[in-house]
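A.B. asks: Sequence:
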Amino acid sequence: YQAAERVATYAVLGGVPGYLERFDPRQSLSENIRQHLFQPIGMFRSEPTVQISDLVREPRHYEAVLRAIADGHHAVSEIAKNTGITSSNLSAYLKSLIELGMIERRIPATVPIAQRKRSKRGRYHLRDAYLRFYFRFIEPNLEMIEFGQANLLWERIGEQFRAFIGATVWEELCREWTLLQANQGKLPFAVELVGSHWAADAQIDVIAINWREKALLLGECKWGGEAIGRSVIRQLIEKSKLVAPAPDWQIHYAFFARAGFTSDAQSEAAAVNALLVDLPRLDQDLRQALIAK
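This note's numbering numbers the first residue of the sequence shown as 1 and each following residue consecutively.
Please note that the accuracy of each hint is not assured.
Claimed, not checked - Quick list of simulated restraints, FRET-style, between CB atoms:
(1) Ala292 - Ala75: 22 to 32 Å
(2) Leu290 - Glu213: 26 to 36 Å
(3) Glu155 - Ser267: 14 to 24 Å
(4) Asp24 - Asp248: 28 to 38 Å
(5) Glu213 - Glu146: 18 to 28 Å
(6) Gln27 - Ala92: 38 to 48 Å
(7) Arg127 - Arg57: 19 to 29 Å
(8) Leu20 - Thr49: 52 to 62 Å
(9) Ser28 - Ile291: 19 to 29 Å
(10) Val50 - Pro140: 45 to 55 Å
(11) Ala92 - Val50: 15 to 25 Å
Note that these hints are calculated values from the structure, not bench results. Beta carbons: idealized from backbone N, C-alpha and C, even for Gly.
Let's have the full structure, built from the sequences with the hints guiding it.
C.D. replies: Below, the structure is given as structure tokens:
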């Protein structure tokens, strides 16, 4: 597989060897998904429900929570509304799912360290790639799968799947790359934390921060098929005013693009010494780090 298809495969299966062994590398990802995942019986069909049933009582409530999170409901209030589970009862389910390693609670990287544990800005995300794919695309479409409509289902979710990759694993890989660069001392400052930022007025895909040095790196991730243009560079620079904890902070920028950057974008980025990371570079750096382990 080329780099883009490897990222897409990772978005579906994660790095689980037992899952990857089922895929035929001679077939495209879409062919493997239709042949192995969009089937009414088999390991990929039963694994999520069996796994949950083996680990918890009242699996239907846990499945409802996982389904809600996979569908983009990350705040406690959103999950409660989507599932019909009261917030007081929901906290117990969320705690259990965290302990089981199925979900994680994320806090904006811009929340000061001393405030992170008690922050009410937490958002819940699925940790397991296949559970995320299963509850997003398979579980809601089981009727189509039962009727053998794998090809039609793939046609229907195609555009959603591309957006899914960009909003999940692509952003995660960009944060992983940022952490790798930080650990290798290749960023403009020592990094205390890598994450993301969300608030009513701004959302930032990648954040690297050092509170003592008052230094911040903001990153924008794009998985689209077209090169990033100048407007994307300018928009992130404008957002920095909403994200920086104070006016005296150093601000740095990074842009991650599957399809690269236009010449105008490169000129705009050069003016602020921004990092430009395309898919080949990110892929090479992460693969080299993996081999080095």
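A.B. asks: Please go over all the hints and tell whether each is borne out by the structure.
C.D. replies: Against the structure, the hints come out as follows:
1. Evaluation of the 22 to 32 Å hint for Ala292 and Ala75 yields a failure: the beta carbon distance comes to about 38 Å.
2. Take Leu290 and Glu213: their Cβ atoms lie about 30 Å apart, and the range 26 to 36 Å holds.
3. In this structure the supplied range 14 to 24 Å is violated for Glu155 paired with Ser267, their Cβ-Cβ distance being about 40 Å.
4. At roughly 56 Å, the beta carbons of Asp24 and Asp248 sit outside the given window of 28 to 38 Å.
5. Take Glu213 and Glu146: their Cβ atoms lie about 57 Å apart, and the range 18 to 28 Å is violated.
6. At about 43 Å, the CB distance of Gln27 to Ala92 agrees with the hint of 38 to 48 Å.
7. Between Arg127 and Arg57 the beta carbons are some 21 Å apart, a value that agrees with the proposed interval 19 to 29 Å.
8. Remark: the range hint 52 to 62 Å for Leu20 to Thr49 is contradicted by a beta-carbon distance near 21 Å.
9. For Ser28 and Ile291, the Cβ-Cβ distance of about 26 Å falls inside the hinted range of 19 to 29 Å, so the restraint holds.
10. For Val50 and Pro140, the hinted distance range of 45 to 55 Å is not satisfied, since their beta carbons lie about 19 Å from each other.
11. A hinted range of 15 to 25 Å holds for the C-beta pair Ala92 and Val50, which are about 22 Å apart.
Violated hints for the displayed structure, listed by number in ascending order: 1, 3, 4, 5, 8, 10.
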